[in-house]
Structures are given as structure tokens and as C-alpha cells.
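A.B. asks: Below are the chains, spelled out letter by letter.
2 protein chains.
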Amino acid sequence: MSEYVSVPLALAAEQFAKLPGVGIKTAQRLAYYMLNLPENEVKEFADNLVKARQSVRLCRCCQNFTEQELCEICSDENRRKDQICVVESPKDVSAFERAGGYDGLYHVLHGLLSPMDGVTAEDIKIKELLARLSDVKEVIMATNPTVEGEATAMYIGRLIKPMGIKVTRLAYGLPAGSALEFADDVTLAKALENRSEL
Amino acid sequence: MSEYVSVPLALAAEQFAKLPGVGIKTAQRLAYYMLNLPENEVKEFADNLVKARQSVRLCRCCQNFTEQELCEICSDENRRKDQICVVESPKDVSAFERAGGYDGLYHVLHGLLSPMDGVTAEDIKIKELLARLSDVKEVIMATNPTVEGEATAMYIGRLIKPMGIKVTRLAYGLPAGSALEFADDVTLAKALENRSEL
Numbered sequence: 001m002s003e004y005v006s007v008p009l010a011l012a013a014e015q016f017a018k019l020p021g022v023g024i025k026t027a028q029r030l031a032y033y034m035l036n037l038p039e040n041e042v043k044e045f046a047d048n049l050v051k052a053r054q055s056v057r058l059c060r061c062c063q064n065f066t067e068q069e070l071c072e073i074c075s076d077e078n079r080r081k082d083q084i085c086v087v088e089s090p091k092d093v094s095a096f097e098r099a100g101g102y103d104g105l106y107h108v109l110h111g112l113l114s115p116m117d118g119v120t121a122e123d124i125k126i127k128e129l130l131a132r133l134s135d136v137k138e139v140i141m142a143t144n145p146t147v148e149g150e151a152t153a154m155y156i157g158r159l160i161k162p163m164g165i166k167v168t169r170l171a172y173g174l175p176a177g178s179a180l181e182f183a184d185d186v187t188l189a190k191a192l193e194n195r196s197e198l
Numbered sequence: 001m002s003e004y005v006s007v008p009l010a011l012a013a014e015q016f017a018k019l020p021g022v023g024i025k026t027a028q029r030l031a032y033y034m035l036n037l038p039e040n041e042v043k044e045f046a047d048n049l050v051k052a053r054q055s056v057r058l059c060r061c062c063q064n065f066t067e068q069e070l071c072e073i074c075s076d077e078n079r080r081k082d083q084i085c086v087v088e089s090p091k092d093v094s095a096f097e098r099a100g101g102y103d104g105l106y107h108v109l110h111g112l113l114s115p116m117d118g119v120t121a122e123d124i125k126i127k128e129l130l131a132r133l134s135d136v137k138e139v140i141m142a143t144n145p146t147v148e149g150e151a152t153a154m155y156i157g158r159l160i161k162p163m164g165i166k167v168t169r170l171a172y173g174l175p176a177g178s179a180l181e182f183a184d185d186v187t188l189a190k191a192l193e194n195r196s197e198l
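In order, the protein sequence lines correspond to chains Y and P.
Taking the numbering used here, the leading residue of the first sequence gets 1, the next gets one more, and so forth.
Taking the numbering used here, the leading residue of the second sequence gets 1, the next gets one more, and so forth.
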């Protein structure tokens, strides 16, 4: 016997199943929850998502999500304008801001080069980065320490270095609070290689 | 420094964080995904949720979710009408239908008695169950084997038995494919007590 699911429930579950990391079980659970909510709350939920999507735009300068033409960070007078930290996604900007200690600007690529997935230099915000380098002294490549992240950092580094701009890369090493015995070989080798004097 | 999140992103994340089992990290991840979708897809997502909620109603007979006045199961001529399987939620109906082997009707309580949470007999669909027992021979209490599930089964059983209707309860025992050593004491004791002849 096949699974019995009512039409409204199937429709709601189908929507949630579109979300990344949401499997069919979770989607059904969320759908049940949604169908048990008062109708006005479901409307509010739906309207706010559409409103968020409609109001979002990319900052003219750093390409991060914002409501304005220029995002809060780019328009902040107190931040140094000669340093740009290049990241894959808006999530990474949040991570750096949460960590604190960086007062330069950002540039959000909205993706990483990935020839296997058909993502080329035209698909991510590299052009926009090159266009804003006139007064910049240092570009910090802060893409993830993965194959795609490394390749993208290398690619962009090769474009920028000839302009006489310093290009740096985030340090590899042991994560704080971790244990040596659980570190993978590459991390351990890099941590040894990049050891610093005490 | 506090976390930097743009307004549209915060708005979208806030919506997802309302969902059960979705923490702030997951909500942000889903919000990023949503803001990267084309606007028409976000609209479709939102519209379908509202549509699902608007079209859903409770079956006049069994109280399960449906689009019609009478759900597919209640209006199915091939199912026996003298057996009612009482469950907590529409999820449980799906589970039984998926497992197969049951061809009677259901009754969805939409909750379990829980005095601690202020859920009394008036808050769940007990009245509606009592109103449909005229030609019923057996009521199978299929609430979860938890404190609330047991209490609800006992309570309803006590109401129905005086009407001369057979009231049964799902069997306790070892789940198929499990191992004795991992079974809890109550389950093991029940499995021993309810042993059957080979």
C-alpha cells in the first residue's frame, strides 16, 4: 500500500523538501506544523519571506546582501578602505564580524570557481572585485580551505598581484580548542610548516 | 562586535526560526538559500504554503487532514466501517497506511491528554470520536507508548467500554530488527509478558 498523505499536506511538504538539508521526513514534519498554525500566521510567514526576497539587493560595492545601494559596512566611515577581505558568501562576512578584529572592507564572491559544476570566473563576482581595487593595498583571500576555495584564491591572486597589490591568504593551522590527535594530516603538516616563534 | 546581518536576511531567518526543530544557524542557512533564489520561486514557495493551509480542513468523520468534506479513507467503500484506529496525529495515519495491513477507519485526536500542558479532553477530538461509534465493533487505541499516550488510551477506553464496544491497545514488544541488549527494561518485560507460542 502506498503512503496516504492528504493533498494540502503533500503540497506543503513539497515546498519544505525544496530547502537544502531538508529531507522528506523533516519536510512532512514542518508541513504538519504549518497546517496546524492559524491561517494568518502562515500568511505572515509566507509574506515575510517574499518581502525579504524582494527587499534584498547586492551592495553596489562589496556585493553583500543589503537593503540599501551601499551596505552598512561599505558606508561605515570608521573602517579602513585599503583592505579587502574576499569571501565566498554573506555567511562568511557574518562570521568575521562576529569574531571581530577586522576593520577593513569585504568582497562577496557569491560562489567559488568549480569547473566540475560549470562555475567559471564569469559566474562569480570577480569582475566587481577587480573594479574596486584602485586605492586598495591588501586583498585577503578568505575563501574556505577546500579544493574550490584554494583554486579560487589562487586564480584571483594571479589576477591581482600584477597590479602591485599585496595578496594574502588566511592561515592554515590547528583550530583553537582542538586536539592534535584528531587533526588531519594536511592540517598538521601546515600547522608545523607555518609555526611561529613564541 | 555584534553579528552583522542585513535586514532582509534577518527577516527571512526569523521566519524559519519559528519552525519546530530549526535553530538559529539552520534558519540563517535557509534564509541565505531563499534570498539567492529567483524572486518568482520564493513567491511560489510562499503561495503554495498559504494555499495548502487554506485548502486544508478536517474530515467530518475521522478529523484527519483533507481537502474534501469526507477524506479518502472514510469515503473508501472497500474499507470496513466497524473498526476505528484512534491515533494522535495525521502522521500516524500515514505510518499505518505505509505499513499496510489495516483496512478499517481511523480517528485523529490532534493531541494527547496532558494536564501538565493544560490539554484536557475538550481540547482533543474525543467528542467527535464518541459521536461516530454507533456501528463500530472495535476501537483500537493506537496512541504512542508514552505517559500521555497511555493516559489518553486509558481515558478513552473507560468512556467507550461501557457502550459494549471492544477496546484494544497496540502490542508492546521488541521492535523488528532490534537487539535484545539495547531494549529498555519496560519493553523487555512487556515482550516477555506478551510472548506468543511458536
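These are calculated hints, taken from the structure and not from any lab test.
One or more of the hints may lead you astray.
No copy is singled out in the list; a pair is fine if it fits within one copy or between any two copies.
What the hints assert, rightly or not - Straight-line C-alpha distance at most 27 Å; calculated BS3-like pairs for lysine-lysine: (1) K81 - K25; (2) K125 - K25; (3) K190 - K81; (4) K161 - K18; (5) K18 - K51; (6) K81 - K43.
These figures come from a predicted structure and were not determined experimentally.
A.B. asks: State for each hint whether it applies.
C.D. replies: Now the hints, each set against the structure:
1. K81 - K25: neither (48 Å within a copy, 30 Å between copies)
2. K125 - K25: Answer is between: at 25 Å across copies they meet the 27 Å cutoff, but 36 Å inside does not.
3. K190 - K81: Classified as neither; 31 Å inside a copy, 71 Å across copies.
4. K161 - K18: Neither: 41 Å inside a copy, 46 Å across copies.
5. K18 - K51: both (19 Å within a copy, 17 Å between copies)
6. K81 - K43: neither (43 Å within a copy, 38 Å between copies)
Violation of the numbered hints given earlier is confined to hints 1, 3, 4, 6; the remaining hints are satisfied by the structure.
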